[in-house]
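J.: Take a look at the letters that make up each chain.
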Amino acid sequence: MTISRRVPVNIQRLDSIVGTELTSRGINTLYYVAMINPVTNKVLQRSKSEFTSPTFQISSKYLVIDIIDNKALQLVLVNPFDIILKRMGLLLISSLLLTIICMVAFRQLFLILARQKKMLEVKNDFFGNTAHELKRPVAQLHLALEALSKPATLDNTAKRERYLAISTEATRDMSEKITMIMTLSMAEEGVFKLNYSRFNLLEEVQKLKEQFSGVADKEVTIQIENAADDCTIQADRDHLRQCLANLLDNAIKYSGGSVLISITLKKLKDSLCISVKDNGIGINADKLERIFDKYTRLNNETGSPTGFGIGLSYVKTVVEKHKGSIEVQSELQTGSEFRVYLPA
Amino acid sequence: MNCKRVANSGYIYPPKNLQRMKKILLFEDDLNLAFMLTDGLESEGFEIEQHAEGNKGLIAFTNSTPDIVLLDVNLKGMMNGFEVGHKIRQHSNVPIIFTTSRTQIEDLQQGFSIGNVDYMKKPFWYS
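For the protein sequence lines, the chains are A and B, in the order given. Going letter by letter, the first sequence gives residues 1 to 344 in this note's numbering. Going letter by letter, the second sequence gives residues 1 to 127 in this note's numbering.
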């Protein structure tokens, strides 16, 4: 025999009892009690008729009270989330925070891994390019010395002079590249020191003009404009000359059949500005911000000039070591201008 | 004619088929290297015509009939070595040797697709 056969269920009274019980447990939310057919899930009777939408409702399991007539009771809490949030709020917020922290940590981890992979690729490229860049002058020197060892070459003055010039150029090329690599390496380790002396920068620029006007296998015009009364500067002569040589070398390499380079010296309030402007191929605006990145070659396509991606990085390192700054402006197919500011 | 091994390339210089050849068309934009190659090969009895620009070299190719073409990939002017190679192949089956430092797989594929081609990796020297 079931409960319903002995005591008829008064759902309104049951509602009232449930309300008292819920309040005593601190659950102050809307609710109703429903009598349901557990087989068909059809609601037979409910204590309150206003909550018809099943949205935001949490129902209890069926409590079967009459197996023969298929009757069961169910308690339905209407929109009890306020209470859930109040009771579990701290737990939920801390879980949410933990989840966010985990996601941020994973993101950082992936970013670091991606950066390390990129750095490894850049490092491998750099070693490959460096090996090639150093092998090239070695091979030229080898060929030149081999030719010079032949009596036929030694007897021919013009050829001998040419081979000697090639040898000199190759050794200077190697020496400059090794100096740049060593400088960057020392700067990374924090042991790079400048050897300061006082000298006239205009004289160095004029020497560079002579050096670069003759060697390139294209028409190179270098103009010097001196707007400074006094070009005397306290700096590391060798490193500064190499910086300007790198800028000139780039201007020549990244240009068409002929190139016009303007070097301007200008005295500012507390600095000396050296501008190297060319009418070469220019640099893409999206690549401009990476131009001083170490071991980065912006132009790797077939047919592009050789190099190993440290020339401009070296310039920036040396200029900043002098407590100066460098900036660049460039437009594709129009040319580039590098401005170096050094404390006067 | 003396045969020599070209260092780090595995080549016997000049190769057997080259030993009968006389005229070489050299595309090289590095003037120092071009001078040394020209001088070295001339001293071995070859006739060398050198050009630094692809276009000018192609005009020379149509005006003369070289036995072999030594072709750098980096050239002055608008055309690179691969483009020059393809142009040459449209008119002649003359052997082409790419003298270049660019021997990445894509470069090799691009070069070998021309046909009757070989590579001599820079830097090289006679030994």
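Heads up, a few of these hints could be off.
Stated by the list, open to error - If you want a taste of the chain A side facing chain B, the calculated C-beta under 10 Å gives, among others:
1. HIS132
2. LEU143
3. ALA165
4. ARG172
5. GLY282
6. ALA285
Claimed, not checked - Computed beta-carbon distance windows for the label pairs:
7. GLN116/A x THR65/B: 38 to 46 Å
8. THR65/B x GLU320/A: 35 to 43 Å
9. ASP67/B x GLN116/A: 45 to 53 Å
Simulated from the structure, these hints should not be mistaken for laboratory data. Just so you know, even glycine gets a beta-carbon here, dropped at the ideal spot from N, CA and C.
J.: Does each hint fit the structure? Answer for all of them.
T.: Comparing the hints with the structure gives:
The closest approach between the C-beta of HIS132/A and any C-beta of chain B is roughly 6 Å, which is under the 10 Å cut-off, so the hint is satisfied. A least Cβ separation of about 5 Å between LEU143/A and chain B falls short of the 10 Å threshold, and the interface hint therefore holds. Given hint, ALA165/A at the interface with chain B, holds; its Cβ is 8 Å from that chain's nearest Cβ, closer than 10 Å. The restraint placing ARG172/A at the interface with chain B is violated, with a minimum CB-CB distance near 13 Å, outside the 10 Å limit.
Given hint, GLY282/A at the interface with chain B, is violated; its Cβ is 17 Å from that chain's nearest Cβ, farther than 10 Å. The interface hint given for ALA285/A is broken, as the beta carbon of that residue sits about 24 Å from the closest beta carbon of chain B, more than 10 Å. Checked against the hint of 38 to 46 Å, the C-beta distance between GLN116/A and THR65/B comes to roughly 55 Å, which is inconsistent with it. One distance hint, 35 to 43 Å for the beta-carbon pair THR65/B and GLU320/A, is violated here, with the actual separation near 58 Å.
Between ASP67/B and GLN116/A the CB atoms are about 52 Å apart, so this pair conforms to the stated range of 45 to 53 Å.
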